[in-house]
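Chemist: With the hints as constraints, model all of the structure from the sequences given.
Protein chains in written order, with my numbering: chain A, 1 to 266; chain B, 1001 to 1329.
In short, the hints are calculated from the structure, not lab data.
Quantities reported herein were computed from a predicted structural model and do not represent experimental measurements.
Heads up, some of the hints might be wrong.
[What the hints assert, rightly or not] The calculated SDA-like cross-link candidates involving lysine to any residue, where the alpha carbons are at most 20 Å apart (straight line), are:
id, chain 1, residue 1, chain 2, residue 2
1, A, Lys108, B, Asp1128
2, B, Lys1095, B, Tyr1123
3, A, Lys108, B, Trp1109
4, A, Lys98, B, Lys1010
5, B, Lys1198, B, Gly1230
6, B, Lys1122, A, Lys98
7, B, Lys1095, A, Ser111
8, A, Lys108, B, His1084
9, B, Lys1095, A, Phe3
If you want the building blocks of each chain, they are given just below.
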Amino acid sequence: MGFLSEIKHYLRVYRRYLSTSASQAMSFRTSFVLLIIMDLLFTGSSYFKISFIYDHIEVIDHWVRHQLMFFVTFMLALNALNTTLLSTNFWMFSDDLKTGNLDYILLKPVSSIYIVFFRYIKPSGIPNIILTHSLLIYFGMQNNLGFIEWLMLPFLIVLSFTLYALIQFVISCSMFWLIEGLGINFLRLQMQELARWPDFIFSKYLRTVFMSAIPILLVGSGPVHFIFDRSYWYLIPLMLLLCFILYYLLHFIWNRGLTHYDSASS
Amino acid sequence: MIKADKLTKKFTTYKKEPGLSGAIKSFYQRDAIHKYAVKDFDLDIKSGEIIGLLGPNGAGKTTLMKMFTGIIVPSSGEIVVAGHVPSKREKAFRKKIALVMGQKSQLWWDIPALDSFLLLQKYYEVPDSKFNKKINEMGEMLGVTELFDVHVRKLSLGERMKLELMASLLHEPEVLFLDEPTIGLDLIAQENIRNFIKEYHEENNLTVILTSHYMQDVQALCKDLVLIAGGEKAFDGPLKSFEKVLGHKKSVYFTFKDAISLDDQFFKEKDVQVLKGGREIELKIDESDLRDLSSHIIQNYPVIDFHTEKIPIEKVMKSIMKNPEILNQ
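Modeler: So this is what it looks like as structure tokens:
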């Protein structure tokens, strides 16, 4: 009962975040439209790159055009969710630490992790979420996905997004010690860039590191491998396990960070 | 309601010399500076009291407020606020307190204040009926009801401060921390804020800690006062005792046509400071001596202007630190 009422409380807060973010975004109409165009251009250019490569070769490793297109779309769908629901918060966190705005967040009777990483939503990203998820269905059909794969797909998207978010949250926690967030945020963006390619294009050593210690490649390659080839089933429990580990690691680092936090002077 | 015992906070900062060479040097070798912002601070405040926490810049007032609210963790010592240890940041504790900072805003900048209020309502789980009653009541008391729909960035500082106060009181906290709520406001806005706090306190009997640079804030709201300087408590007691020092001493400034000499016996016996190369002096005197001393100087020296000021709090603080016996005289 207590847990359920907590969930309801957090959902009510989130609904208000949606409302305040929409209200804020609509205050700057031209910027709102430009951000939509920018996201759509990014999605288009990502497809163009892959299409260009496949105009000159038949397969990359063992994946043909439709398979890689499905992978790229899966990652673009995750990227659209990430851009819309999370990315602004990573940039604002550094600002909160530098200006001392984190002070007010720490006073609210809601988890400070929740407020810091979820309070800014970018409504201009919603068209891109719709586009990328529609394209994911299209490329799923091109790859003749079966009933089970279609059934699993929403779960795999949620799992991948959770892992993706947790990796970024943990990385961002280092801002408590670094304060300036530019370096960390660019590191995070480089991680995203790595994740947009399938694991098999990396050397064995890098693949091992980025599939386990810093499991950024697992975000896209894990579920897509599983969808195309059931012998990769073990990647899904591995992702679940890593989510649990990262969740507890996040809380540990966050609490250490709060103890270290000195706030900014008045 | 609030109890602090030997509360201490030590900060570490790093020195950096100016310019490119300083930047390069500090990149590989940083000299740490350890500084006590608050040291061995004791405090005991009962429920329903309003206490003024007064001190010059950098005295440690804001650091204390941040420790009382759980924003920062003390280096040592103990605090209990409303039955909770603030640094544990329990949910029940966070619902019992509120903090207003004159130099920071909790309202979202690019949206109307009402949107921020609605978000706060969700954070604190305030029922709709109570929320509506509260914003209507406080909106009318502060005269800001028509500003609820205006973007916060378009408001004046005074208007924003009133809305900040409202935002902090929506969940009916038991303890309110006000960190320089009148800073930068004009005299009328300062008075409005003070009147609202006074009225709200009378109706709700919450515990209030107020920090301020302005003695007027403390005089209007508090019966008791805590003075802090250099992170240490300099005075803790009734405002009346402190006003003895403030009330009977004045600074008188005289401006002369030409620089004067202070070799005269008259000035030798006085607390006088030479300004502007001898063309101006500041004389610290008892209020009762003002008339006689002023007329003597005007008659015997080429005075072209003069004015009086109450001794600023920084100077009173210095006097108390030098001679704590002042308060017992």
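Chemist: Each hint: holds or not?
Modeler: Consistency of the hints with the structure:
A distance of roughly 19 Å separates the Cα atoms of lysine 108 of chain A and aspartate 1128 of chain B; the hinted pair therefore holds under the 20 Å criterion. A hinted pair counts as satisfied when its Cα atoms are at most 20 Å apart, and lysine 1095 of chain B with tyrosine 1123 of chain B qualifies at roughly 9 Å. A C-alpha spacing of about 18 Å is found between lysine 108 of chain A and tryptophan 1109 of chain B, which places the hinted pair at or below 20 Å, so the restraint holds. Straight-line distance between C-alpha atoms of lysine 98 of chain A and lysine 1010 of chain B comes to about 19 Å, which keeps the hinted pair within the 20 Å bound.
At roughly 29 Å between alpha-carbon atoms, lysine 1198 of chain B and glycine 1230 of chain B are farther apart than 20 Å, so this suggested pair is violated. Annotation: proposed proximity of lysine 1122 of chain B to lysine 98 of chain A is violated, straight-line Cα distance about 27 Å (limit 20 Å). For the hint linking lysine 1095 of chain B to serine 111 of chain A, the alpha-carbon distance of about 13 Å falls within 20 Å, and the restraint holds. Using a Cα cut-off of 20 Å, the hinted pair lysine 108 of chain A and histidine 1084 of chain B holds, with the two alpha carbons roughly 15 Å apart.
Distance hint between lysine 1095 of chain B and phenylalanine 3 of chain A is fulfilled; the C-alpha atoms sit about 18 Å from each other, no more than 20 Å.
Checked against the numbered hints above, the structure breaks hints 5, 6 and satisfies the rest.
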